[in-house]
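These protein sequences, in sequence, are chains R and U.
Position one of the first sequence corresponds to residue 50 (my numbering), numbered consecutively onward.
Position one of the second sequence corresponds to residue 38 (my numbering), numbered consecutively onward.
Quick caveat, the hints were computed from the structure, so don't treat them as lab data.
Heads up, a few of these hints could be off.
Once the Cα atoms are required to be at most 30 angstroms apart in a straight line, the calculated DSSO-like pairs of lysine-lysine come out as [what the hints assert, rightly or not]:
id, chain 1, residue 1, chain 2, residue 2
1, R, K79, R, K269
2, R, K246, R, K175
3, R, K151, U, K126
4, R, K56, R, K79
5, R, K105, R, K78
6, U, K126, R, K105
Each chain, letter by letter, is given below.
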Amino acid sequence: MSDPILKIQNLEAYYGDFQALFGINCEVKKGEIIAIIGANGAGKTTLMRAITGLLKSEPDMVQWQGSPVGALRADQVAGLGIAMVPEGRQLFPSLSVEENLKIGGQVGRSGSWNLEAVFELFPILKERRNVPSTALSGGQQQMVAIGRALMSNPDLLLFDEISLGLAPIIIKTIYDALPNIVGDGMTSIIVEQDIAKALSVSDRVYCLQEGRVSLEGDVKSISREEISNAYFGV
Amino acid sequence: MDWVNAVLQGVLLGGLYALFAAGLSLIFGVMRLVNIAHGDFIVLAAFLGLVVTTTLGLHSLVALLIVVPFMALLGYLLQRCVLNQTLGKDILPPLLVTFGLSVIIQNGLLEVFTANPQKLSAGALETASIPLGAGLNAGVLPVLTFAAAVVIIALLQWIFYRTALGRAFRAVSDNQDIAQLMGLNKSHIFGLAMALSMAVIAIAGIFLAVRTSFDPSVGPARLIFGFEAVIIGGLGNLWGTLIGGIILGVSQNIGAQINPGWQLLAGHIAFLVVLAVRPRGLFPRVDG
Ligand SMILES: Nc1ncnc2c1ncn2[C@@H]1O[C@H](COP(=O)(O)OP(=O)(O)OP(=O)(O)O)[C@@H](O)[C@H]1O
Ligand SMILES: [Mg+2]
Numbered sequence: 050m051s052d053p054i055l056k057i058q059n060l061e062a063y064y065g066d067f068q069a070l071f072g073i074n075c076e077v078k079k080g081e082i083i084a085i086i087g088a089n090g091a092g093k094t095t096l097m098r099a100i101t102g103l104l105k106s107e108p109d110m111v112q113w114q115g116s117p118v119g120a121l122r123a124d125q126v127a128g129l130g131i132a133m134v135p136e137g138r139q140l141f142p143s144l145s146v147e148e149n150l151k152i153g154g155q156v157g158r159s160g161s162w163n164l165e166a167v168f169e170l171f172p173i174l175k176e177r178r179n180v181p182s183t184a185l186s187g188g189q190q191q192m193v194a195i196g197r198a199l200m201s202n203p204d205l206l207l208f209d210e211i212s213l214g215l216a217p218i219i220i221k222t223i224y225d226a227l228p229n230i231v232g233d234g235m236t237s238i239i240v241e242q243d244i245a246k247a248l249s250v251s252d253r254v255y256c257l258q259e260g261r262v263s264l265e266g267d268v269k270s271i272s273r274e275e276i277s278n279a280y281f282g283v
Numbered sequence: 038m039d040w041v042n043a044v045l046q047g048v049l050l051g052g053l054y055a056l057f058a059a060g061l062s063l064i065f066g067v068m069r070l071v072n073i074a075h076g077d078f079i080v081l082a083a084f085l086g087l088v089v090t091t092t093l094g095l096h097s098l099v100a101l102l103i104v105v106p107f108m109a110l111l112g113y114l115l116q117r118c119v120l121n122q123t124l125g126k127d128i129l130p131p132l133l134v135t136f137g138l139s140v141i142i143q144n145g146l147l148e149v150f151t152a153n154p155q156k157l158s159a160g161a162l163e164t165a166s167i168p169l170g171a172g173l174n175a176g177v178l179p180v181l182t183f184a185a186a187v188v189i190i191a192l193l194q195w196i197f198y199r200t201a202l203g204r205a206f207r208a209v210s211d212n213q214d215i216a217q218l219m220g221l222n223k224s225h226i227f228g229l230a231m232a233l234s235m236a237v238i239a240i241a242g243i244f245l246a247v248r249t250s251f252d253p254s255v256g257p258a259r260l261i262f263g264f265e266a267v268i269i270g271g272l273g274n275l276w277g278t279l280i281g282g283i284i285l286g287v288s289q290n291i292g293a294q295i296n297p298g299w300q301l302l303a304g305h306i307a308f309l310v311v312l313a314v315r316p317r318g319l320f321p322r323v324d325g
């Protein structure tokens with residue numbers, strides 16, 4: 050068994066006095082696709098923010114390829130190869146579609162992802178490359194958000210609720226594109242409220258409940274009942 | 038003819054005001070920081086110009102080659118070491134700290150250079166003028182100042198909208214967290230924005246110093262002119278800032294034409310009128 054590339058150890062996270070995560074433990078191996086599920090407010094986004102460095106923690110609480118990164122700034126973490134498609138897309142409104150993508154590439158990591166590759170994955174973005182990102186539909190914005198994260202050629206890509214607020218047909222398009230995205234050995238963590246969707250693409254699942262891991266296991270060996278118990282906290 | 042001349046000189050003066058304003062507009066746009074010490078930094082640059090020209094015997098405009106990089110470096114360090122610590126949800130700390138800086142700079146300059154008015158000489162340039170026919174003359178120096186303003190605003194515009202640095206400025210201004218996720222260190226980006234602002238301040242300071250006499254106390258009035266130009270033109274629009282500067286310069290000169298005591302008053306009135314009619318300025322940025 051290879052060492053995990055991401056190891057989360059007793060992670061606690063706070064917003065001021067409010068504690069959002071209580072001793073999370075989690076390991077991700079290279080090439081794995083991990084699903085993280087949980088009800089509203091369970092702490093999924095908080096966990097993503099802690100991994101990416103937007104929320105600082107103790108150095109050892111987040112370990113990336115064997116080194117402690119919990120106390121690094123988000124831009125330093127990005128440079129190490131962790132990228133995120135944030136909840137709610139959060140494109141830069143003052144930037145055009147192409148500029149949004151290019152800024153993702155500014156991290157300066159080399160790899161197979163570049164502007165052309167993203168345009169090949171989502172051809173509609175090539176057509177609309179010069180419009181402001183605010184002029185796109187929700188689905189197209191999500192494509193930009195995904196492309197922007199890919200442009201940094203990350204080793205680990207986090208997706209925070211990429212289907213949120215999108216029409217089913219769009220969600221299908223994006224999930225259909227996912228194998229191409231994570232295909233070449235990229236490790237990813239997919240946060241979803243739509244459990245079936247998340248499990249359909251992932252190897253292992255963690256369920257969060259009120260800031261704690263209530264269940265973890267192989268997607269194949271876990272039963273629906275266990276999941277719904279862990280999810281709703283029965 | 039006097040009136041035409043007043044307008045012409047006012048337009049050219051507007052170039053100087055645009056130089057006062059551009060740096061102010063830039064850092065407000067990138068980091069929502071209002072630099073109360075902006076005018077005092079202009080005066081500091083003027084004094085630096087004085088030191089450089091007197092000790093090295095350089096022409097005033099050649100002194101720019103030293104004063105501009107110096108001020109830019111000072112700006113970067115100031116941002117990284119002091120101002121970044123004050124930025125946050127609350128807009129009061131940066132106001133207080135830059136106000137403190139303003140007091141420190143004024144008193145520091147007073148201590149070193151005394152309150153005596155100083156002036157940078159620009160040799161033959163000072164009196165040279167271009168005859169425009171019909172009895173109109175445009176001084177070479179005001180024309181140069183105006184040209185510098187146009188070039189600098191075009192350059193800033195180009196940096197903002199055509200370069201990776203400008204993209205980073207806009208991204209950080211839009212959403213600091215997500216920009217950070219994209220590998221942009223906002224402290225560094227803010228430092229670069231302040232460096233750029235201070236480079237423009239340096240140019241403004243030198244042009245101010247060859248145009249009029251200055252002493253350590255004249256900074257706050259330059260800040261006001263800069264503010265007025267920014268607000269008249271519309272926040273976040275650099276070409277608007279140039280037009281704002283021109284409107285301010287022209288109104289001041291028309292006021293002075295009516296009654297020499299009305300120069301500043303006329304400028305402030307023009308500012309208030311624009312604010313009353315178009316609270317967001319004449320050319321507010323369309324996006325966001
Ligand atoms: N900026 C914040 N300040 C204070 N509390 C916060 C903040 N963001 C989140 N919280 C709280 O932290 C807890 C976890 O929130 P988080 O956003 O991580 O949940 P989530 O699992 O991503 O939920 P959702 O499915 O709604 O996105 C919630 O109780 C939430 O109210
Ligand atoms: Mg969330």
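Cross-check of the supplied hints:
1. K79/R with K269/R: Given pair K79/R, K269/R holds - Cα atoms ~19 angstroms apart, limit 30 angstroms.
2. K246/R with K175/R: Roughly 28 angstroms separates the two Cα atoms, so the pair holds.
3. K151/R with K126/U: Judged against 30 angstroms, a Cα distance of about 28 angstroms means the pair holds.
4. K56/R with K79/R: Holds - the C-alpha atoms of K79/R and K56/R are around 11 angstroms apart, at most 30 angstroms.
5. K105/R with K78/R: holds (23 angstroms)
6. K126/U with K105/R: Status holds; Cα separation ~18 angstroms.
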